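Colleague: Given next are the chains, with one letter for each unit.
Protein chains: 2
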Amino acid sequence: MEVYLIRHGIAAEKGTYADDEQRPLIKKGQDKTAQVAQRLLSVGLKFDLLLSSPLVRAYQTAEILQQASLAKTIETFAPLKPDGAIAEWVKWQQQYQVQHPDAKIALVGHQPDLGNWAEMMLWGAIQGQIEVKKAGVMGLKIPPIGTPIARSTLFLHVPPKWLI
Amino acid sequence: MEVYLIRHGIAAEKGTYADDEQRPLIKKGQDKTAQVAQRLLSVGLKFDLLLSSPLVRAYQTAEILQQASLAKTIETFAPLKPDGAIAEWVKWQQQYQVQHPDAKIALVGHQPDLGNWAEMMLWGAIQGQIEVKKAGVMGLKIPPIGTPIARSTLFLHVPPKWLI
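In order, the protein sequence lines correspond to chains S and A.
Per the numbering used here, the first sequence runs over residues 649 to 812.
Per the numbering used here, the second sequence runs over residues 649 to 812.
Bear in mind the hints are in silico, worked out from the structure with no lab data behind them.
There is no bait here: all hints are sound.
Identical copies carry no separate label here, and so any pair may be met within one copy or between two of them.
No more than 27 Å apart at the CA atoms, straight line, and that leaves these computed lysine-lysine pairs for DSS-like:
#1 K752 with K739
#2 K694 with K739
#3 K781 with K694
#4 K720 with K809
#5 K676 with K729
Just so we're clear, the structure is a prediction, and the values are computed from it rather than from any experiment.
When you get a sec, could you build the whole thing from the sequences and use the hints?
Modeller: The following block contains the structure:
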């Protein structure tokens, strides 16, 4: 199974919305995300499923990926919110993998969470050494059986500048 | 300082040369590496220096990067040979950094060494979780003072497929 971790695009500044969860993508964020989506398509990528943080800026990012035909379905996944628990994702993934051993799925979320989740899947500990830009994409291979924690491999980590 | 780790391009098959160090790039490897070099240029990258493994397939890769005007100078650096000691690189880097605090340099070498060196600079331990394809490129930011070991950050890891 391949898992792509995708950070939301450029959103309205922090503090401009009373409820931070409602901050939307700004025009530039929509446009850059759409360009990134086109590049993912042109490399031949398709996702079996998009799991998205329920926050507006993430869900809108997932919608742009969906509109580019990168995936048919978006599901909101609460553990992708800031400070969400990777253990919930691992539980979900272990069940999903049984039915979809060759799936490619994308998780759309936030920093520093996505970098931390990647570190957990690669090394089993968080050291904060992975930078992820807005609309940046990481790709990890997950082992076919057993936990992904400290057992996955990194094959892709690409900022939008390199995709546009 | 930014350090780019670049794996050599596709070379003649293992075992086809009596001396493995003499294996050259094949035509396809030259062509793909040249395409990768053009993409690095188009993103605006320039290296202050290319350090290359002395093995033919690595040095030829460095020459292709140089011919694309990504760098003026190639120096061979013996610790970039397979199983080379990262401690030698750290010693070199600590001295170089004093004179060139904002340098961008590229190390051209082999797998699994480059993935291992990246893991050492990011996490301080080797777990073999970073895949690097031939002509693939990783980018790390090195802290301005002190050892890069377990203190660098990863901002780029991109296979050639995503560059050409």
